[in-house]
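For reference, the chains in residue letters:
Number of protein chains: 2
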Amino acid sequence: MDQIIALFENDQIDEITKKINLLHPGDAAQIINELPAEYQVKAFSYLSSELASDVINDLHDELREDVLETIQQKRLVEIMDEMDSDEATDIAAELDEQQLKDVLQKIDKEDSDEIKQLLVYEEDTAGGIMQKEIITVDKEMNRAEMIDHIRDNYDEVEKLYYIFVTDKENKLIGILEASKLLLCKSEMKAVDIMDQDVISAPVEMDQEDVAGIFRKYDIYILPVIDKENHLLGRITVDDIIDVIDEEASEDVYKMVGLENEDKVFTSPLSSVRKRLPWLTLNLFTALLVSSVVGIFEGTIARLSFLAVLMPIVAGLGGNSGTQTLTVITRGIALGELTLHNTYRAIVKEITVGIINGILIGTVAMLIAYLFKGNILLGVVLGVSMVCNMFIAGLVGSSIPVVMKTLKIDPALASSVIITMLTDIGGFASFLGLATLLL
Amino acid sequence: MDQIIALFENDQIDEITKKINLLHPGDAAQIINELPAEYQVKAFSYLSSELASDVINDLHDELREDVLETIQQKRLVEIMDEMDSDEATDIAAELDEQQLKDVLQKIDKEDSDEIKQLLVYEEDTAGGIMQKEIITVDKEMNRAEMIDHIRDNYDEVEKLYYIFVTDKENKLIGILEASKLLLCKSEMKAVDIMDQDVISAPVEMDQEDVAGIFRKYDIYILPVIDKENHLLGRITVDDIIDVIDEEASEDVYKMVGLENEDKVFTSPLSSVRKRLPWLTLNLFTALLVSSVVGIFEGTIARLSFLAVLMPIVAGLGGNSGTQTLTVITRGIALGELTLHNTYRAIVKEITVGIINGILIGTVAMLIAYLFKGNILLGVVLGVSMVCNMFIAGLVGSSIPVVMKTLKIDPALASSVIITMLTDIGGFASFLGLATLLL
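So the sequences go chain by chain: P and W.
FYI, in this note's numbering the residues of the first sequence are 1 to 438.
FYI, in this note's numbering the residues of the second sequence are 1 to 438.
Please keep in mind that the hints were generated in silico from the structure rather than gathered at the bench.
Take these hints with a grain of salt, some might be off.
Here are the simulated SDA-like pairs of lysine to any residue, each with C-alpha atoms no more than 25 Å apart in a straight line [as the list claims (entries may be wrong)]:
1) W:K18 x P:D197
2) W:K407 x W:V383
3) W:K109 x W:L119
4) P:K116 x P:D102
5) P:K407 x W:K18
6) P:K19 x W:L119
7) W:K407 x W:E208
8) W:K348 x P:V203
9) P:K171 x P:R151
10) W:K159 x P:D81
11) P:K216 x W:K109
12) W:K348 x P:P36
13) W:K180 x P:I147
14) W:K254 x P:I241
15) P:K180 x W:G26
16) P:K189 x W:S186
17) W:K42 x P:G335
Excised from the complex, chain P in its bound form:
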């Protein structure tokens, strides 16, 4: 790394080019991602087209945008010619209309047809992440015919782990592990040694559900089919790892009001624009909370130490609610929580909230009594904490589940809403009880 920076500083371009082109694509991408900003686009331009085609999709989003804005058309065509159809389509989707039109005319006809077909599918569906490069054999082929056929098509397909078996109409009827073909006797036909219980994904399936299939069946490669069972493409597990990373980020991000494109190296202005709507919503929830406190302004004017203790009730309720929200959200994401068992989960979270409320509330009660010498104040603090942690358990678990059931985006049940509700619950119960009892 430091060595490459030093080479850049001394303008030793030949040396850099030599070094960087010897790297594994994964390493080359990492180094370019970590270089000081002024060298990144340059370093990418020194890569051979072949290496560049493996690296470009691993660059972080902002950098890839920079590269695509400055790249020459001839080089872009060379790079896209080297790519698998799914990766080329990802790049195509990032080009502007004119750039895309020009490029599609110049790359290999077959490739450009595939890209056009793939561009039709939504980005986050099975169709959007599949590749068209597959090896299929007819069910009547024998071992030697299959091996010849694979040899003819091998160059196009990386990671040949399964061969797909189709009938005359290109309908998927079985899959065949490459190693089985290796070991079988020579008179065997595809239909004899294939596995008929094929797990496949419909082309319009959401990518999160596709990831669920890989998770559930422990597979490496998944065929994608249309409604009539015609074989359209395949999805490989390395792309699913990207999907899982993306969906995991999305879940955490949604909880705190972030968008998926808002990464470590998104430009500040772009991050501001993405976070502002959320913070504006947060401003209004905060105003709502503050107007609930406003109801009790008279009590606070009379007993100013209540304002001092307020943050305790609200803080612990907010934290409890976020804990519950996190457990439930992850449970939904990993498929542990389904319609059949949500009731049990909600009851559990409420129970946990109440028990924790009683335990922490008792300690808080004692502390308030010891410091202020007022037993009634202690009771008010303790009881309002129990109330609030009950609210935390209830809203933290039920809101995301209800929204999921109603097919509303559970993002709206995120921490800002939960915190608003626990804030209101905490302040109202604490200040309300205080108004009545103190």
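Chain W: place on chain P using the hints.
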């Protein structure tokens, strides 16, 4: 699902047994996980040993514990005999000492030796997740010898995608895609067609770093070696998906003070015990915040509406800080953030905080002015929000990075600490400015 419940209610055990044993292990596990609690252990007991061996590790943690507590030794031995070494080791690690000793004596000698070897490694390292079942060929073997050798050992190894090539001392010198062997000419030797650039993992590598290797190099199977490059086992990508899920949960969980074992169906008492230490810490951070507010009790007694507006400053600061914390934490987890580029990331987050602070602060200023008709109050509110969102950007980004650098668990930089700091920053600047200016 409803059908199976109905069969249970009518005690039609034969029917259930027949139905459930026809399922794919992934489906069987899902159904058992979703059944009403009273039928779960029973349903598992109706599985054939072979199916049970594939299902047991996909049951949710609490249920697997229940199964292992009630299972008969003979059946457990049958089930473990069917398992791959890595899965059997996971089960072995959950047994109590006496149970483990008994079982290890009764299962196949070779299997029990492998389990004993694997139990030595820490659970969350390459050694802890690898399996011993591999096919290796000597570098001098020719195509026919290799195929014979694979045929002899094929039963033991599922998912034969790579064959490992070793020298006489069992040192790993290359890998060989099964499909290459299928297509190569018969006089070829292993050493001629193998790939020498082997990516491998040292046995003591942390599982998170192992997942990083799969992510970076897009591979499906990774050999595990010791310090002298002896081949010890392999890790398959389906296990890495579990690791990625686990680590993603862990990251979100840590942020809100949860432990990884605290899932949707953990028993309430066990969840209470796991969350209590964290809520106790939160009680103390809340007391700290409240004591900062206490400094300004005099000001609040004089101007009670300040207590009404307090939640706005604190709430938005807390939310901003959590946004930053989330971006940085995910960036670290996915390997986007490294030592070379942290400074840039921190500066960016502070910039975003200040800009958002100015924008949202201005709106808040106007609102305060409109409602209270006091321009100075508006200024106090607006300025304190800018201060607080600057603090949010600073602590939300720098604390996890600094902790990571010092190799302290960044969990301590979680949202409770960030929220405490933004609460203190918000209350102190708001009430402090109010004391000076109003």
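Against the structure, the hints come out as follows:
1. Taking the CA atoms of K18 (chain W) and D197 (chain P), the gap is near 18 Å; set against the 25 Å cutoff, the hint holds.
2. For the given pair, K407 (chain W) sits about 36 Å from V383 (chain W) by alpha-carbon distance, which is inconsistent with the 25 Å threshold.
3. At most 25 Å may separate the alpha-carbon atoms for a hinted pair to count; K109 (chain W) and L119 (chain W) meet this at roughly 15 Å.
4. Of the pairs offered as hints, the one joining K116 (chain P) and D102 (chain P) holds, with about 13 Å between alpha carbons and a cut-off of 25 Å not exceeded.
5. A hinted pair counts as satisfied when its Cα atoms are at most 25 Å apart, and K407 (chain P) with K18 (chain W) does not qualify at roughly 35 Å.
6. As the CA atoms of K19 (chain P) and L119 (chain W) are separated by approximately 42 Å, the hinted pair breaks the 25 Å bound.
7. Annotation: proposed proximity of K407 (chain W) to E208 (chain W) holds, straight-line Cα distance about 15 Å (limit 25 Å).
8. For a cut-off of 25 Å, the pair hint linking K348 (chain W) to V203 (chain P) is broken: about 40 Å separates their Cα positions.
9. Among the hinted pairs, K171 (chain P) with R151 (chain P) is consistent with the structure: their alpha-carbon atoms are about 22 Å apart, no more than 25 Å.
10. For the suggested pair K159 (chain W) and D81 (chain P), the alpha carbons sit about 31 Å apart, so the restraint of at most 25 Å is broken.
11. With a CA separation close to 31 Å, the supplied pair K216 (chain P) and K109 (chain W) exceeds the 25 Å bound.
12. Simply put, K348 (chain W) and P36 (chain P) have alpha-carbon atoms about 15 Å apart, close enough for the 25 Å limit, and the pair holds.
13. As the CA atoms of K180 (chain W) and I147 (chain P) are separated by approximately 11 Å, the hinted pair is consistent with the 25 Å bound.
14. A C-alpha spacing of about 22 Å is found between K254 (chain W) and I241 (chain P), which places the hinted pair at or below 25 Å, so the restraint holds.
15. Between K180 (chain P) and G26 (chain W) the alpha-carbon distance is near 23 Å, which keeps this suggested pair within the 25 Å criterion.
16. Note on K189 (chain P) and S186 (chain W): the hinted pairing holds, with a Cα-Cα distance of about 22 Å set against a maximum of 25 Å.
17. Of the supplied pair hints, the one linking K42 (chain W) and G335 (chain P) holds, its CA atoms being roughly 22 Å apart against a limit of 25 Å.
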